[in-house]
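**Q** Make the full structure from the sequences, and use the hints.
Number of protein chains: 2
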Amino acid sequence: MDIETPAALIDETRMASNIARLQERMTALGVRLRPHVKTSKCIEVARRQQEAGAAGITVSTLKEAEQFFAAGFTDILYAVCISPDKLDRALALRRRGCALTLLVDSMVAAQAVVATGHAFEVMIEIDSDGHRSGVQPEAVELIAIGKLLHEGGAVVKGVLTHAGSSYDLDTPEALRRLAEQERALCVRAAERLRSSGVPCPEVSIGSTPTALSAQSLAGVTEVRAGVYVFFDLVMANIGVCAPENVALSVLTTVIGHQPEKGWVIVDAGWMAMSRDRGTQRQKIDYGYGAVCDADGKLIEGLMVSGANQEHGIISRRDGAADAGVVERFPIGTKLRILPNHACATGAQYPDYHLVMASGGTEVWPRFQGW
Amino acid sequence: MDIETPAALIDETRMASNIARLQERMTALGVRLRPHVKTSKCIEVARRQQEAGAAGITVSTLKEAEQFFAAGFTDILYAVCISPDKLDRALALRRRGCALTLLVDSMVAAQAVVATGHAFEVMIEIDSDGHRSGVQPEAVELIAIGKLLHEGGAVVKGVLTHAGSSYDLDTPEALRRLAEQERALCVRAAERLRSSGVPCPEVSIGSTPTALSAQSLAGVTEVRAGVYVFFDLVMANIGVCAPENVALSVLTTVIGHQPEKGWVIVDAGWMAMSRDRGTQRQKIDYGYGAVCDADGKLIEGLMVSGANQEHGIISRRDGAADAGVVERFPIGTKLRILPNHACATGAQYPDYHLVMASGGTEVWPRFQGW
Numbered sequence: 005m006d007i008e009t010p011a012a013l014i015d016e017t018r019m020a021s022n023i024a025r026l027q028e029r030m031t032a033l034g035v036r037l038r039p040h041v042k043t044s045k046c047i048e049v050a051r052r053q054q055e056a057g058a059a060g061i062t063v064s065t066l067k068e069a070e071q072f073f074a075a076g077f078t079d080i081l082y083a084v085c086i087s088p089d090k091l092d093r094a095l096a097l098r099r100r101g102c103a104l105t106l107l108v109d110s111m112v113a114a115q116a117v118v119a120t121g122h123a124f125e126v127m128i129e130i131d132s133d134g135h136r137s138g139v140q141p142e143a144v145e146l147i148a149i150g151k152l153l154h155e156g157g158a159v160v161k162g163v164l165t166h167a168g169s170s171y172d173l174d175t176p177e178a179l180r181r182l183a184e185q186e187r188a189l190c191v192r193a194a195e196r197l198r199s200s201g202v203p204c205p206e207v208s209i210g211s212t213p214t215a216l217s218a219q220s221l222a223g224v225t226e227v228r229a230g231v232y233v234f235f236d237l238v239m240a241n242i243g244v245c246a247p248e249n250v251a252l253s254v255l256t257t258v259i260g261h262q263p264e265k266g267w268v269i270v271d272a273g274w275m276a277m278s279r280d281r282g283t284q285r286q287k288i289d290y291g292y293g294a295v296c297d298a299d300g301k302l303i304e305g306l307m308v309s310g311a312n313q314e315h316g317i318i319s320r321r322d323g324a325a326d327a328g329v330v331e332r333f334p335i336g337t338k339l340r341i342l343p344n345h346a347c348a349t350g351a352q353y354p355d356y357h358l359v360m361a362s363g364g365t366e367v368w369p370r371f372q373g374w
Numbered sequence: 005m006d007i008e009t010p011a012a013l014i015d016e017t018r019m020a021s022n023i024a025r026l027q028e029r030m031t032a033l034g035v036r037l038r039p040h041v042k043t044s045k046c047i048e049v050a051r052r053q054q055e056a057g058a059a060g061i062t063v064s065t066l067k068e069a070e071q072f073f074a075a076g077f078t079d080i081l082y083a084v085c086i087s088p089d090k091l092d093r094a095l096a097l098r099r100r101g102c103a104l105t106l107l108v109d110s111m112v113a114a115q116a117v118v119a120t121g122h123a124f125e126v127m128i129e130i131d132s133d134g135h136r137s138g139v140q141p142e143a144v145e146l147i148a149i150g151k152l153l154h155e156g157g158a159v160v161k162g163v164l165t166h167a168g169s170s171y172d173l174d175t176p177e178a179l180r181r182l183a184e185q186e187r188a189l190c191v192r193a194a195e196r197l198r199s200s201g202v203p204c205p206e207v208s209i210g211s212t213p214t215a216l217s218a219q220s221l222a223g224v225t226e227v228r229a230g231v232y233v234f235f236d237l238v239m240a241n242i243g244v245c246a247p248e249n250v251a252l253s254v255l256t257t258v259i260g261h262q263p264e265k266g267w268v269i270v271d272a273g274w275m276a277m278s279r280d281r282g283t284q285r286q287k288i289d290y291g292y293g294a295v296c297d298a299d300g301k302l303i304e305g306l307m308v309s310g311a312n313q314e315h316g317i318i319s320r321r322d323g324a325a326d327a328g329v330v331e332r333f334p335i336g337t338k339l340r341i342l343p344n345h346a347c348a349t350g351a352q353y354p355d356y357h358l359v360m361a362s363g364g365t366e367v368w369p370r371f372q373g374w
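Just so you know, the protein sequences line up as chains A and B, in that order.
With positions in the first sequence counted from 1, the corresponding number in the working numbering is that position plus 4.
With positions in the second sequence counted from 1, the corresponding number in the working numbering is that position plus 4.
Calculated from the structure, these hints are not laboratory results.
Heads up, the list lumps identical chains together, so a pair's fine if it works in one copy or across two of them.
Straight line, CA to CA, 30 angstroms or less: simulated DSS-like cross-link-like pairs of lysine-lysine:
{"#": "1", "residue 1": "Lys338", "residue 2": "Lys67"}
{"#": "2", "residue 1": "Lys338", "residue 2": "Lys151"}
{"#": "3", "residue 1": "Lys151", "residue 2": "Lys265"}
{"#": "4", "residue 1": "Lys338", "residue 2": "Lys301"}
{"#": "5", "residue 1": "Lys287", "residue 2": "Lys301"}
{"#": "6", "residue 1": "Lys287", "residue 2": "Lys338"}
{"#": "7", "residue 1": "Lys265", "residue 2": "Lys338"}
Predicted, not measured: the structure shown is a model, and the values here were computed from it.
**A** Right, here's the structure in full:
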């Protein structure tokens, strides 16, 4: 593989299998899948998800909405509560024909949406696990927001929640419980809105761990998930994939050693891996990443234990000094590093290198910024 | 300030003062300053450093070398040990007139440099504190590498070290001791090379904390430092600056609240701040950053305590639920967040917004990738 290092590789076979796995699960459970493209920020990746059956996309920034709309994606959910000063930019997208849906969780934001005079499609964010934003499913404010939007001329499309605390779990039982809580509380919020006369056709829930754990999705219309397309070591520790499913890796080159310490120095530092240390408090702490050979086969027991901006230090996970590193990993050796967090690692790169089953490669751009 | 959030701001007054402070110190100590431009990856920032008296630049990637050379910088030190498969790209720069200096710390890399047949200028990396790469100052191999290069037709320009373990210190005494160790061991390596007949005109040392702590730089010819140009909260905890000196901040907008918890939700998540949690094990843990008002004045006691990709959660550092957050920080409020680590935060952005003393702003591009 003649690719300059460090580089972000996508294993096409693994990605296809990850896409198929969640898509088939969602189809079997009777809901639409709306992938979150914040993970890849890559048109080509989203096209693969669309071809496999995804319905629309989820974005985390207006830049994503603009980029994907320019590439032909029209059904776009912007799943971060709208900042009133971003309404002009959102409106410009709507006027160009983008079916952009906004999100609110406050009277202030709902009022700002209504004040535009444009019939924005809007969802209301529900807090189903206390980890971030959203209104409580039983809150009086939920109905007030719904009525303000509905009576003010906006189209209340539904309710949305994200059980992000699923990232803190690591047993199938706990994940199933949280998935059911995410479903039940969001469905409950929808029922309250409907009872009060506010239309609420859509119930949108999801996170990769809960999407892969839910037993029933009764009352849900769509599921959102992002990182499943690549998976990563955090997801492996949570238990929803194996390290062998991780489709994103960083290709790196050995540039030196500290033989007495058993250290291999590579050209993938934190700029190449990101500063994400998501496995730090999980079952297995992989440092800045798990080490594979150039073909992607895991080398058991090694990790990127330290990272400077452009230097990674590979050593044994158990802390022992590895023997014979100079001979086993001579300068020039190529390795692949599996990331803790695919969204953060991908963000460090202007493009991905797709590695096809044939061994051939292709460059897929990704974008940066807001 | 009419800037879409999140955005990376540079406070021009603070940056100018940071640049002047180190430049004046280095001039007083009789050495050249060769700033590390990996921090900013921004031509305009490096021009300010050059105008203040810097001599040449340091880079961490060949992309940086290419970008800065294209902008007129010719004296460039690539301070990561050269990977043999990157020699062609380095040679192309040399042939276009770039005075590019390479770094090696092994016989294998030195042999690869010599094998090109080109009279590369090369420095040898010395390990002065055990934190990463480099040969030991007393190692037999140091002389062997020097002779291999010198006799093989390369130009041995000198020795280089970086006491990166300075980031783990936080007292002036410990910093002064490490600065002296960095100086003494690198000078010692230079003396050994000279005694063995290998020319070694340059002795290059540095890290921001040691550069600001060294009492004597006898025998040193140049100092390298990067993050001093912006400073950050890690540097404030180390004790070489105050939070009020930090020139880089992230402008963000309040998009919601969780009033019972005293949380303010902003549109600067980890994508905007980076995943760097460098203050986690320091005197003051600032979470993902310290909170200032829109003018950059620190709001004591607050931090970005949690971050999702595009959501930041601001709460009190002492863990207590802040009262009245909805009234004090209404939706739409602009805040500035000081970063843990300026190099990592800057890397999340395609450009900086320079905020001039006049209040006017200017966009300065920065680049990404390798």
